[in-house]
Every structure is written in C-alpha cells, then in structure tokens.
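> Each number in our numbering comes from the position in the sequence shown (counting from 1) with 10 added on.
Among the hints, a few may not be true.
[Claimed, not checked] In silico DSBU-like pairs for lysine-lysine, Cα to Cα no more than 30 Å straight-line: (1) K342 to K329; (2) K397 to K341; (3) K418 to K322; (4) K354 to K305; (5) K50 to K106; (6) K45 to K106; (7) K419 to K192; (8) K342 to K192; (9) K397 to K419; (10) K329 to K354; (11) K203 to K213; (12) K304 to K341.
[Said to hold, decoys possible] Simulated restraints, written as ranges between beta carbons of each label pair: (13) D348 to N40: 16 to 26 Å; (14) D196 to Y216: 29 to 39 Å; (15) K313 to Y216: 20 to 30 Å; (16) R373 to H53: 28 to 38 Å.
Source of the hints: derived by calculation from the structure; they are not laboratory data.
Each residue gets a CB set at the ideal place from its N, CA and C atoms; glycine is no exception.
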Amino acid sequence: MHEKLRTNTEKQKEGVKFSQEVFAPYDLFNQIIAKWSQYKGFHQQDSHELLRHLLDGIRDEQIKALKEKGEEKKKTFIDEVFGGKLVNCIICDACKLINYNYEPFFDISVSIENSTSKKKSNEEEGDIVGPDNSNIKEKLKKEKYPLVNDEKNNKDIQCILDDIVVEKKENDSVFSIRDCIKQFMDIDILEGKEACVCDNCTKIRYGEQEETTKSKKVKKVKVNMKNNGKKITVKKHQDCDEDFTHISYYAIMNGIKEENLRSFNNEGDDEEDIDNENVEESEEEEVEEEEEKKKVVYRRIMKRYFIDEPPKILVLNMKRFIQVGFYGRVKKSDKFVDFQPFLKLSPYLSPIKHDESVQPFYRLYGVVVHSGFSVQSGHYFAYISRKLGEWFYASDSIIKPSDWDEVKKSCPYLLFYERIK
11 MHEKLRTNTE KQKEGVKFSQ EVFAPYDLFN QIIAKWSQYK GFHQQDSHEL LRHLLDGIRD
71 EQIKALKEKG EEKKKTFIDE VFGGKLVNCI ICDACKLINY NYEPFFDISV SIENSTSKKK
131 SNEEEGDIVG PDNSNIKEKL KKEKYPLVND EKNNKDIQCI LDDIVVEKKE NDSVFSIRDC
191 IKQFMDIDIL EGKEACVCDN CTKIRYGEQE ETTKSKKVKK VKVNMKNNGK KITVKKHQDC
251 DEDFTHISYY AIMNGIKEEN LRSFNNEGDD EEDIDNENVE ESEEEEVEEE EEKKKVVYRR
311 IMKRYFIDEP PKILVLNMKR FIQVGFYGRV KKSDKFVDFQ PFLKLSPYLS PIKHDESVQP
371 FYRLYGVVVH SGFSVQSGHY FAYISRKLGE WFYASDSIIK PSDWDEVKKS CPYLLFYERI
431 K
C-alpha cells in the first residue's frame, strides 16, 4: 500500500507536468479494497474512516518492513508526519496527586456543539469506598488524608486547571474551531457513580495489598459405586482433569449413563471397567465459596487533555454525524463553525513542560466537505491550497480555481493544517 501511494504520487506529479488528464489512483484504491472489503462497490463511505484506514494500513506495512530490517525503533513515515501526542492530566480531588497518561494520535475529533463537558452525577457527593462501603464511608469523611502538598505540585495543579484563553474577535459569538479544540480540552469532573479509583488514597487507607486473590473451598461430587463396595469421590477442581481424565464429568453430574464409564484411582493403578448398573446415586456437596477482593478507594477526580507533542500535520475531524435514539440512527449537523487560514496551537499545549519559546503555528492547506443528509449518502469535495492565498476546488474530475471567501463559507468535515513554525 505504501509503495502504491508513492508510485501514484509520482504519476500524479508527471500528469500535472505533461498532461491535463484527470489522475485516478485505482491501484491504491484496489489495495484498500483488498484490505477492507466494505469499500467494494464504490458506495458512499465515511471519509474520516477511510483516512484512518489508509494511515493505519501504511503504518502497519512500514512497521513490518522495519522489523525485517532490524530497525524497530525507527519512526514510520506516518508517525513522522501525522503523529502527535496527547497528555491526559488526572488529579485526585482528595490527595491532590497528579497522574499523566500519554496517548498518541493521528487526528483529533472535536464536537461542534457548544456544550459543557463537565459530568455531574445525581448521586450524593462524597467518598466511595469499595467493595464494602458500609460504615467505612462515614469514617473516611472524618479521616484526614495526607496531601501531596509540595510547592511544585500545587503550581502544576494551578497550571492544569487554569482557563485556556483563545483569541476571539470583539462581539464575536460565532462558534469557532478554536472553541472546538478548547472544549475538547475542558476540565472533565468524574464523581458519584463515575468516581474513579485512586491508588494513592487506597494505599494511604489500606496500606500495601497483595494482588486480588480468590480462595475457594473445594466442591465435592460423590458417586456411590456398587462395584466391590468402592466409593469414588470426584472433586470439582483443577486436578479433576489430571486425575480423572477417563471419567465423563458431565455424566457424573447429570446421572447420564455411558457404556464405558471408567474409574481411575489416585495411585495410577490400571483402569477397571464398571458396568452402568454400578452407578447407584449421585449427590453434590454444596460448599460456600469465599472470595477475597482487593479493597479500593473511589475519589472525585478532575481530568484534562492537552497536546504534549504537536504533529507536523494536524488533522481535525468535525463531529457532524451524531447518533440519536435507541436504534443507532445517525443524523448530520450542518452547523457552521468559523475557521481561519492560520492556527496557533500554543494555548492548547501541556503547561507542565511547555517551553515558552515553542509556539507551534499552522497554515490551513486542505478542507474536506460533505454535501448531503447522512453518512450513507451525499458527496465529498475538497478545497486545496498549494501555497498561501491560492485555493482550488476539487470534486471528482472537476478541478477549478477558488478563493478564501468561498472556502471560509463551507461547513468542513475535515481540516488539514501544516506546521510552518
């Protein structure tokens, strides 16, 4: 797939130089169809999903090729160009410990609806301790937990929780792409039923605990045999498979007769045939199971995403297709979102280790628009900018000049920004 993309790109460049014919990357598309059958038949498909399949497919092929060369640590072309990294900052509201989870990304999907991301629960606020929180809950409210209270930690918390300030024109009430990214990085509060386990609070409350263990008393199935007055006791346990491999466990449990029911003694003696009539009765001794769970403490937490490593190419996906109702029906939103030819990414960078001298600046060079009412129907077209101020409209075989006034009035589904600083 990677080779087909390179070959098709070279052919396209040659076509631009020497011909006015329309270039169609059939070889590349056939490779995509071979890997993902849903693209057969040229039906309407989600362009964002196709992009992800293309990037993931090329990346997987390169990873395989690099492994064969013994160059596993080398970055792939996709990682170099589209790869970025998000950091999810998670703060426990009780002990104030900060955890950082890093997540790679090739694009960011943002909501175009102006709504708060804070999740509130109708449950009573307070600590929740599991698995058994009776009586302990009230104790915890009175207990004083040591806080992670050093100066650097407090400063980091303040930086994480500070408002993200985005540039906005005076009296401008239009929802913009900057607002979309800001909303994606709003503080998310999880509490009540959505509260999370805090390992630090758990350790403070219960000390060091071993991993979750299960201790069971063995269940016994007694089968009385008339043969020589022997009684065989089958244990419902792991070693049943080892010690009684020739006895049908299903037959014993359900009293089903088998022509060749055999007994196998613990000393490894020779097998002894037992006639069906030898099976007199079957009874199961019920023994209560005992299970020991690791105790945990649930806490109200605050979490927030930032961009930790900005990519060379930033791809933004507008969430225009929204699932509604109980039957998975998808509707499309044609809400207008203001976007500009330049984007400053510094307000969205992680404040913890952000070098103030690094100010990522991006130029818009590609816009994909969906025309239609649903993801299964309609048509995709694009606006492409080869250089600053120069725009082209592309729809299948139609390529014609355009301008920024036309582009900025569109309702984009995908935005492509290239880093220029």
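> Now, for every hint given, state plainly whether the structure supports it.
Here is what the structure says about each hint:
For the suggested pair K342 and K329, the alpha carbons sit about 9 Å apart, so the restraint of at most 30 Å is met. Between K397 and K341, the direct Cα distance comes to roughly 35 Å. Violation of the 30 Å bound is thereby established for this hinted pair. Proposed proximity of K418 and K322 is supported: the alpha carbons are some 23 Å apart, at most 30 Å. Distance restraint check for K354 and K305: the Cα-Cα separation of roughly 46 Å exceeds the 30 Å cut-off, and the hinted pair is therefore not satisfied.
For the hint pairing K50 with K106, the CA-to-CA distance comes to about 53 Å; that exceeds 30 Å, so the pair is violated. The suggested pairing of K45 with K106 is violated, with an alpha-carbon distance near 47 Å, which exceeds 30 Å. A C-alpha spacing of about 22 Å is found between K419 and K192, which places the hinted pair at or below 30 Å, so the restraint holds. Among the hinted pairs, K342 with K192 is consistent with the structure: their alpha-carbon atoms are about 22 Å apart, no more than 30 Å.
Using a Cα cut-off of 30 Å, the hinted pair K397 and K419 holds, with the two alpha carbons roughly 20 Å apart. Among the hinted pairs, K329 with K354 is consistent with the structure: their alpha-carbon atoms are about 21 Å apart, no more than 30 Å. With a CA separation close to 21 Å, the supplied pair K203 and K213 stays within the 30 Å bound. Of the pairs offered as hints, the one joining K304 and K341 is violated, with about 44 Å between alpha carbons and a cut-off of 30 Å exceeded.
Between D348 and N40 the Cβ separation comes to about 39 Å, which falls outside the hinted range of 16 to 26 Å. Distance hint check: the CB atoms of D196 and Y216 are about 33 Å apart, consistent with the given range 29 to 39 Å. In this structure the supplied range 20 to 30 Å holds for K313 paired with Y216, their Cβ-Cβ distance being about 24 Å. In this structure the hint that R373 and H53 lie 28 to 38 Å apart at CB holds, the actual value being about 34 Å.
Checked against the numbered hints above, the structure violates hints 2, 4, 5, 6, 12, 13; every other hint is satisfied.
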